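Using UniProt numbering, read the sequence shown as starting at 1 and increasing by one per residue.
Hints listed in this document are in silico derivations from the structure and should not be mistaken for laboratory results. Please read these numbers as outputs of a predicted model, since none were measured by experiment. You may find that some hints are simply not true.
As a list, the in silico BS3-like pairs of lysine-lysine whose alpha-carbon atoms are at most 27 Å apart [said to hold, decoys possible]:
no.: 1; residue 1: K53; residue 2: K63
no.: 2; residue 1: K63; residue 2: K76
no.: 3; residue 1: K283; residue 2: K223
Pair ranges (Cβ atoms, derived) [to be verified]:
no.: 4; residue 1: H17; residue 2: A287; range: 46 to 56 Å
no.: 5; residue 1: A287; residue 2: R142; range: 27 to 37 Å
no.: 6; residue 1: H285; residue 2: K52; range: 37 to 47 Å
no.: 7; residue 1: D279; residue 2: R98; range: 56 to 66 Å
no.: 8; residue 1: R98; residue 2: A77; range: 17 to 27 Å
Cβ atoms here follow ideal geometry from the backbone N, Cα and C, with glycine treated the same way.
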Amino acid sequence: MSRLRQSVTAHAGARDHYQLSLALHEANWLNQLITESYAPDWLYQSLPSYAKKRYCPGLPAAKISLSLPASWKTAKAHALQRDYSFAIDKAISLTALRTAEAAGSNLFLYSYYAFQAFQQAEQAGISHRILFQLHPHPLSVRTILSEEINRLPFASQSIRAEMEFSLADQRLEGLIAEPQLATSCVVASQFTRKTLIENGLVAGQIRVVPYGVDTAAFPQRRKVPTAHPFRIIFVGRMNQRKGLADLLQAVRLLKSHTIEVVLCGRGYIDHNILKEYKDLKIKVHEAIGLSRLVQELQQSHVFVLPSLAEGFAHVILEAMATGLPVITTENTCGPDVIVEGKHGYLVPIRNPERLAVLLDAAITEQNAWFEMGRLAAVQARSFTWARFREGIRAVYQDLVGTN
């Protein structure tokens, strides 16, 4: 790899399995990752499985700097059972700024951790401020969700609870400003790119690098599921941001078929939506483990996620990896990972009628759709984390190597 100026990265938690920082480190382009907790190299092998998530093989602890204010606030949040996420993220951002300034490094920061650093970066002499925009632009999401409140009043409670409505003004203003303060943006999907352009960014500033998937955790099924009735599976938070009401309305339109809808997820459940469709056969699995989730996927016939707005939606690649054909919307990673008619189908948001047509085809042409799922599994296996890291390095070299 060519010698380029290194970057400081920053985030709390094990964001994207540390793959952004690992990508830069593999090319010697990582100065430091700023975070609030990371396991020492010598302790990794003896850690319980849940704690091993706070370490990435190949990314040594020597490349990690803890933001002590963020670490202290994290401990305080756990002890008091209070939300200090804004203060934690701000502390990480400012530590990243100071680290990059002292080292003469660039900044390559995730959204939520960039605002304070980017605000002061130019004055600190930091020329490259690269933002990894995790979610679609908050103003675009607000517009979509506001329209949804009028369309489906019974789902309004969960919609109003969404982050874009519930964040404090200061926090929201920071998220809106981050892409404007960045010299370049990296996103995981074409849809996120589209929302940034809608809100004033120049298309040439934005690069798309789709995520990878751990296909070993989602093994491919080898035979047509024998489950009866026909099983549709949905994985995600059970609310209208994920298009749950549109899925259930599509199933209701298929009156001639016996269908079981399997909902798997954790966190907020909009029971008002479930009550609205209590005439349907619905199974709800809340907070199930990975092995059970894989089992539910492999025993289903089709995966459906009619989301209104996603930064990516990893569950799409995970479902594909198990051998499921996918029906999703254009407002997800679908356009980036699915060839229509080969791995699944894309539908416009808010279109249960089109969704019902496709579900009817899946029911009546099960062998053809099983083959579609087999091809989806092949496609998913091309989206590795190694490919993601290669994409990050190519983008970084292009952005930084030209100046």
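Practice task
Using the beta carbons of A287 and R142, state whether their distance is inside 27 to 37 Å or not.
Solution key: holds (28 Å)
Exercise for the section: Using the Cβ atoms, figure out if H17 sits within 46 to 56 Å of A287. Expected result: violated (21 Å)
Handout entry: Distance restraint hint 37 to 47 Å, applied to the beta-carbon atoms of H285 and K52
Key = violated (25 Å)
Practice task
Would you mind confirming whether the straight-line C-alpha gap from K53 to K63 stays at or under 27 Å?
Solution key: Cα-Cα ~17 Å, so holds.
Handout entry: Satisfaction of hint between K223 and K283, Cα-Cα up to 27 Å
Key = The given pair, whose Cα atoms are some 23 Å apart, holds under the 27 Å limit.
Exercise for the section: State, for the Cβ atoms of R98 and A77, whether the hinted interval 17 to 27 Å holds or is violated. Expected result: Since the Cβ atoms of R98 and A77 sit about 23 Å apart, the hinted range of 17 to 27 Å holds.
Practice task
May I ask you to test the hint 56 to 66 Å on the CB atoms belonging to D279 and R98?
Solution key: About 59 Å separates the Cβ atoms of D279 and R98, which means 56 to 66 Å holds.
Handout entry: K63 paired with K76 [C-alpha distance capped at 27 Å]
Key = Within the cut-off at roughly 25 Å; holds.
In this structure, the earlier hints numbered 4, 6 are contradicted, and the remaining ones agree with it.
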